[in-house]
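So you can see what is in the structure, the chains are spelled out below.
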Amino acid sequence: LNEKLLFEHSRPGRCGYDLPPLDVPSAEPPEALVRDDIPGFPELSEIDVARHFTRLSSWNYGVDSGFYPLGSCTMKYNPKVNEVACRLPGFADLHPHTPQKLAQGALALMYELQEDLKEISGFDGITLQPGAGAHGELAGMLMVRAWQQARGAQRNKVLIPDTAHGTNPATAALCGYEVVPVPSENGVVTVETIEGLMDDGVAALMITNPNTLGLFETYIADVCRVVHERGGLVYCDGANLNALLGIARPGDMGIDVMHFNLHKTFSTPHGGGGPGAGPVGVSAELEPFLPVPVVDRTAEGYFLDWDRPHSIGRMKGFYGHFGVLVRAWTYIRAMGAEGLRRTAEMAVLNANYVRARLESSYHLPYVARSLHEVVFSDRNLGGGCKTLDLAKRLIDYGFHPPTIYFPLVVSGAIMIEPTESESQETLDEFCEAMEAIAREASEDPGLLKDAPRLTRLGRLDETRAARRPRLRWQP
Amino acid sequence: LNEKLLFEHSRPGRCGYDLPPLDVPSAEPPEALVRDDIPGFPELSEIDVARHFTRLSSWNYGVDSGFYPLGSCTMKYNPKVNEVACRLPGFADLHPHTPQKLAQGALALMYELQEDLKEISGFDGITLQPGAGAHGELAGMLMVRAWQQARGAQRNKVLIPDTAHGTNPATAALCGYEVVPVPSENGVVTVETIEGLMDDGVAALMITNPNTLGLFETYIADVCRVVHERGGLVYCDGANLNALLGIARPGDMGIDVMHFNLHKTFSTPHGGGGPGAGPVGVSAELEPFLPVPVVDRTAEGYFLDWDRPHSIGRMKGFYGHFGVLVRAWTYIRAMGAEGLRRTAEMAVLNANYVRARLESSYHLPYVARSLHEVVFSDRNLGGGCKTLDLAKRLIDYGFHPPTIYFPLVVSGAIMIEPTESESQETLDEFCEAMEAIAREASEDPGLLKDAPRLTRLGRLDETRAARRPRLRWQP
Amino acid sequence: MRYIPHNEEDVLRMLDAIGVDTLESLFEEVPSSLRHDAPLNLPAARAESDLLAELARIARCNGAGGTYRAFLGAGAYDHFIPAVVDHLLSRSEFYTAYTPYQPEISQGTLQAIFEFQTLICQLTGMGVANASMYDGASSCAEAVLMACRVTRRRKVILSRALHPDYLETIRTYGRYLDMEWVDLPFGEDGAFDPDALSRLLDEECAAVVVGYPNFFGVMEDLATVSRLAHEHDARLVVAVQEPLSLGLFKSPGELGADIVVGEGQSFGLPLSYGGPYLGFFAARESDVRNLPGRLVGETVDTEGRRGFVLTLATREQHIRREKATSNICSNQGLCALAATIYLALLGRQGLPELARHNYSKACYARERIAAVDGYSLPFNAPVFNEFVVEGPRAAEGILQKLQERDILGGVALSPWFPDMSNRFLVCVTERNCREDIDAFVEALSGGEA
Amino acid sequence: MRYIPHNEEDVLRMLDAIGVDTLESLFEEVPSSLRHDAPLNLPAARAESDLLAELARIARCNGAGGTYRAFLGAGAYDHFIPAVVDHLLSRSEFYTAYTPYQPEISQGTLQAIFEFQTLICQLTGMGVANASMYDGASSCAEAVLMACRVTRRRKVILSRALHPDYLETIRTYGRYLDMEWVDLPFGEDGAFDPDALSRLLDEECAAVVVGYPNFFGVMEDLATVSRLAHEHDARLVVAVQEPLSLGLFKSPGELGADIVVGEGQSFGLPLSYGGPYLGFFAARESDVRNLPGRLVGETVDTEGRRGFVLTLATREQHIRREKATSNICSNQGLCALAATIYLALLGRQGLPELARHNYSKACYARERIAAVDGYSLPFNAPVFNEFVVEGPRAAEGILQKLQERDILGGVALSPWFPDMSNRFLVCVTERNCREDIDAFVEALSGGEA
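Protein chains in written order, with the numbering used here: chain A, 3 to 477; chain B, 3 to 477; chain C, 5 to 453; chain D, 5 to 453.
A portion of the hints provided could be inaccurate.
What the hints assert, rightly or not - Using 30 Å as the maximum straight-line C-alpha spacing, the simulated DSBU-like pairs for lysine-lysine come out as follows:
| id | chain 1 | residue 1 | chain 2 | residue 2 |
| --- | --- | --- | --- | --- |
| 1 | A | Lys103 | A | Lys159 |
| 2 | D | Lys254 | D | Lys159 |
| 3 | C | Lys159 | C | Lys254 |
| 4 | A | Lys451 | A | Lys388 |
| 5 | A | Lys120 | A | Lys103 |
| 6 | C | Lys327 | C | Lys159 |
| 7 | C | Lys405 | B | Lys103 |
| 8 | B | Lys159 | C | Lys159 |
| 9 | B | Lys6 | B | Lys103 |
| 10 | B | Lys159 | C | Lys254 |
| 11 | B | Lys6 | B | Lys451 |
| 12 | B | Lys388 | C | Lys327 |
| 13 | A | Lys103 | D | Lys405 |
| 14 | A | Lys451 | A | Lys6 |
| 15 | D | Lys159 | A | Lys159 |
| 16 | D | Lys327 | D | Lys159 |
| 17 | B | Lys120 | B | Lys103 |
| 18 | D | Lys327 | A | Lys159 |
| 19 | A | Lys388 | D | Lys405 |
| 20 | B | Lys103 | B | Lys159 |
Since the hints were made in silico from the structure, they are not lab data.
If we strip away everything but chain A, and leave its shape as in the complex, we get (with noise of 0.2 Å):
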């Protein structure tokens, strides 16, 4: 069925909200100052609202739902205590100017964040400020570009491989780095490509590992050995870090930089795009250029410190996207040490899983063991389907298809994340029905190509939307 606009469903002189008595004199701004009315702004009664989210939300699929198996976005269970621990009063009422002797249990939560993540990641420093990945990948490279000019250096240059994630170009941009491709081999970056490009010119490698081919990054040691030798840094973009908790630890790697991706690897909710949290640990060199401010310890309690002369300064207001970090603070505690290595071990252990079995359906364009994540592509898809048809015959199958057309470096690809939540009986279900789909593709195509058909909205009109915007209602 369908719902209305809010807009529409608007009726004069409703209202879903009651104000106290004011027990104040009443007073008003000089009368230039005052608007007249906000021309369509809606009206709407408590019900009325219920029930437009309700039926709204009907129309959404969750973790809750069903598999997410989207790659990339490591799309796990958000355990249900964890959205109890940060509406806690105490934490939710916190307000960000509270004096800090006031303000210790939130303090020690993000200290001891900040430790527990130094720990998992092998990095000496953090900042909890970033309020995303891509927020935080920002920041590294701010970090990045500072550090090197601190040394004097005139580096203008980054490496971003072709298994890079999009924002990787995008924040070397922003920090007025241009951008060197760098070509994976057997989709791995090899040793001899880092040392053909690695130049005077060049301030970092941006690189993600495991990468997103859903690999590890087997020359990473000796990658960023040449980095580091020829006055290079190397950043890494850590949203894939769910494969290698308790595993290994990009610190020990000879990576210098890295951003976490708590709603992914720490099971924060993705919220439907936001907001997630984007901490960013560094090695020793870095730290004094974290953002300002960072959380400390005396033996008087924990404090924020702002005296910090060579950071990069502030990403964002306040400290970070709090009620985020005591979200992945409650999972990690929940998961402990062995819980984290367990996760990483399941989470590596499904994507295999899935590989070996659609392995004989899909054509898998690299064959190196794969961590979390596997990508196949459309190539053997029969009846002229294409990944785009195949995701969404999957919606009607009850799943969430998996992320399409990336990496670029796989033409049609289909990138399968299942993380650790899942059981394996849901990975058979799915499994079976990319089988059957394979199967449709060759014997009824029209299956696909007219997918979906369950839901409310058949395939949408994109192109139309870009050419023609209509970017809010009008009445």
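Using the hints provided, position chains B, C and D relative to the given structure of chain A.
Coordinates of chains B, C and D only, in the frame set by chain A:
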């Protein structure tokens, strides 16, 4: 999509609950007393459980899903703040054996609710203990019997009109009474009828006002007078109190005892069939017979009064559905006197609006002014379609069906109670659907008879369920 | 008026469609002599923010969770509730729905109840269970009525060690049904007295009702009651006031119970000052048509797909009217759902493990308290997580002293058993850490209590 | 391991299907020299019950809500959040979903964002708004970059009265982009100095950035900035740190703003020690292809039915890579949803009414504080719900004294304005009742502070 039973999802070794380490020596009862296993009990992880019930919920229809005009059930909007209120620390975690000195907040709230219900209904005494309407009915009729007995009366019959709820006769039987049916005239009980039936074997009249046809019992004052004159009492089923809030008070009409349905009139959620709460109001004469305990106060504070020698005793464990009482208190405070009166007015306005819109499409068996609900019949429905078909077809239009085949005095009854929560637009959409279905019945009756089509399951075989009962999963 | 959508324009337009001029005239059938024209004397409507502040103030007047080390049981038990339970209960499709009369749009509620019925059968060891009732006490009363119905007898033997609330509720329900109540005494060990039972039983007995655990926390010897009762064709009604015990102790079903009822609050429901809780009700399959309350059964739809419906409604009040098996016309839907979710989380491993935790903690507390000078354990029958303590002086005084040290040490027995003035009931669950127990014992030993 | 379903049997069966013997061998591509074989040094896994108890303990170390009468603002505002907001946010279909890349199963998120974009346009008086950004400060930084992009200029005039966090964030973002920052001083009334602005503006200026309200709570004279800036074809970037003000004061759009950004926390988001909050970003429709961040647009499906999709992605990093308008690849989805729900509840009547409440309470507090001996209001430009107070001695000391009386009296200005050592910022919202304000004033008058 289908969702297996919990037991079918189960996999040995899974568990969605971790205990902290045992901090005392482990102990074991005598071996002969210990059970081996709980055969068939499910084994699931937290994500299994979260997904299972999330999916199940998506097959349900609640007030937040849409219009729910279930007659006699008063499916009004359940404000979300009430759900917060009953979960507050201090309420949710309060043990019923907490010393009363440490439960003054809870007792004060119960006391206030008693006072509020007295004011709203015009009764002199209240018990909050009964767990639902039928339970309140039982408490009420036990008090009637105790009162009669205290006067030495030997009365074994109760009069019950044909417009009564099914619980009324069952309740009377539980109190050891015989049931004498009372025919209504033009939908209401007349003084003459009662005069004819009221003899000295009759303990009480059980009446519903407004009755299940949505009509006010116009002669109620005289009916009560006659019953009283002849030594009887009048019990009122308070299910339909919503229509009278702030307009008229049952206690003022001569009624001696009445139960409230907090889950109807005072907006506590129905919960898929419970829990409700069924407080009972009584006149001063019946007060000594109230179930124990009653909340009372002295200068020192509130207390549970157990010292009530004439009490009929206890209806259940502890003191009532406290969590439900908190919600009702919150609702009454949110509405205030004006809001409650407005509730009755808008509920009646809505019912009459639906009636006015649908009178030309559906047969209206009783023409007296409707209060909060209106009863149509399927007499004019074309194509051999019945009330059941109409109900199932409404589901395809996105509405919850009205109450059907009740009250029994109307053949093929369609009992619509819109409540005050609904806006004119919602009523219009519903009426348009009803009109469309009336047309479909004549033009294409299959649309009704094969309905619903848009639900996960089609019509279910209830006969088979009753003939070969399968009431539990078996491996 | 945030919950009512109508504005004045709406009202006028709708009145017009109805064909009347004023709201007043909609109530013309209400005689003016019956009108309550004065505004109700209630506090004015309050904004949500004010209301919540007021509620928080009231709630803070209660000395609940966190503040005290509490050892309160006696029919309501403090167990941890995982967050996922409330998360799922709070889905409005569940909690704002009504009774599942329209099965096509109520499969969520129906399947969950079917699962609940199954879990209760498994747990109690019985063949059939209903969709739940108000609470343990009222279920127990319904069980007594059912036992009388199926045996066509009117004499019922009630254990004196049954939870007093249950006993009182049974008597209220049977008040005008011409029943005969017979007291079954308990022995020096806190369990029912088997010799007395032998003496009391005869061919007129409809049922014997005992607790498992009983009010003193004792796991009664059901096999013996069962043998004795069945010799006279009387039914054994078992009332389980702490159902977590069934995770560890043999099920009433395997020990011969005919009807098993109980309080399900332990399974994921907050203490909430006594309600809403959850009555469960299980029986032998052969008695299914005599069960009170709602039942959900499996069936198929027009395409042969599995689905669930309310069934065997011919037992119920809306069909059978005065011949119904009970006047109940609801269940504790949402509470049953909570229990279903809770039990699904714990499951076959977790429930026994949690029960063992409770048992072990109670053992530890018993041993330590018994070692305190002046304190003893008067009963020695096996218990689960609750037990009776005898102190050196009036229990009220002891508990009052403990309270001053922020310990709620238990429930005094004297209100129900005037001859037990020095005794109180102590309950220990997984919520009591060793430190709590040690502090309790220390307070007793220090003589402060 | 309640969040991981695998048992050992599952693992063995799956390893077998993969064709390896051990979990170890799945990691064979990770060189052994890089393995971290020691267990991580982290606290052991904790049961949910323990974890919640620990969290509650930590949270209680904070002096939050209820305990103090708080007058803190300065970029984060304590407004009441109706219960329905969190109820709806807690629906897992919303909060456990990802970015709506598959529109057919993401219409809930997409329609809600479309509604959010519309609400922001209406509120700011602008033509187009994006799907939200991290917060007010980072949105403001993005606005500066966009202004430079569209004007192809690199000099930016930044009001000294802009929120210091915003100023610092702008400088961080622009650190290596060869920008020129120019300070715009404020006058004695707390508003920007128009004469200075006239002097500073030239044909190289990309933008003028001012707050509305600014850090001192002052509603800047946007019409004047607009006129002056536009004379030089510079863009007016308006940063709204308390968006509730837009319920009462003229919208930046009607006053000539080119880009309006701000912090949306006031609209239904908890204070949460500073985040996650909600950056909004609105601009003129003609600049739509230069907007940073995500956009949702209306379209139709194969049957012509209205639907919503992510659109104009060619601006974004995953398509344009280093030429993207920003590196952002998310929005504050759930926070934007909260604001959408909150604004829908208040609506056209409620928002202005709430804004008037805030204004009236702040007026009352201002007047009363100004009447206290030794205290004054140094700035006299119009304010909304926040204002600067000048005390008789160092603000830190005053605030410390107030704190001892359980009053958090405001935010001292000296960390950012060393020359304002006696000044502090006081914020009054609908959460402060008259009694709170009176107690505050009394504490100031009594000389205790």
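Quick rundown of the hints versus the structure:
| no. | hint | verdict |
| --- | --- | --- |
| 1 | A/Lys103 <-> A/Lys159 | violated (45 Å) |
| 2 | D/Lys254 <-> D/Lys159 | holds (28 Å) |
| 3 | C/Lys159 <-> C/Lys254 | holds (28 Å) |
| 4 | A/Lys451 <-> A/Lys388 | holds (9 Å) |
| 5 | A/Lys120 <-> A/Lys103 | holds (25 Å) |
| 6 | C/Lys327 <-> C/Lys159 | holds (21 Å) |
| 7 | C/Lys405 <-> B/Lys103 | holds (14 Å) |
| 8 | B/Lys159 <-> C/Lys159 | holds (25 Å) |
| 9 | B/Lys6 <-> B/Lys103 | violated (49 Å) |
| 10 | B/Lys159 <-> C/Lys254 | violated (46 Å) |
| 11 | B/Lys6 <-> B/Lys451 | holds (29 Å) |
| 12 | B/Lys388 <-> C/Lys327 | holds (28 Å) |
| 13 | A/Lys103 <-> D/Lys405 | holds (14 Å) |
| 14 | A/Lys451 <-> A/Lys6 | holds (29 Å) |
| 15 | D/Lys159 <-> A/Lys159 | holds (25 Å) |
| 16 | D/Lys327 <-> D/Lys159 | holds (21 Å) |
| 17 | B/Lys120 <-> B/Lys103 | holds (25 Å) |
| 18 | D/Lys327 <-> A/Lys159 | holds (15 Å) |
| 19 | A/Lys388 <-> D/Lys405 | violated (70 Å) |
| 20 | B/Lys103 <-> B/Lys159 | violated (45 Å) |
Violation of the numbered hints given earlier is confined to hints 1, 9, 10, 19, 20; the remaining hints are satisfied by the structure.
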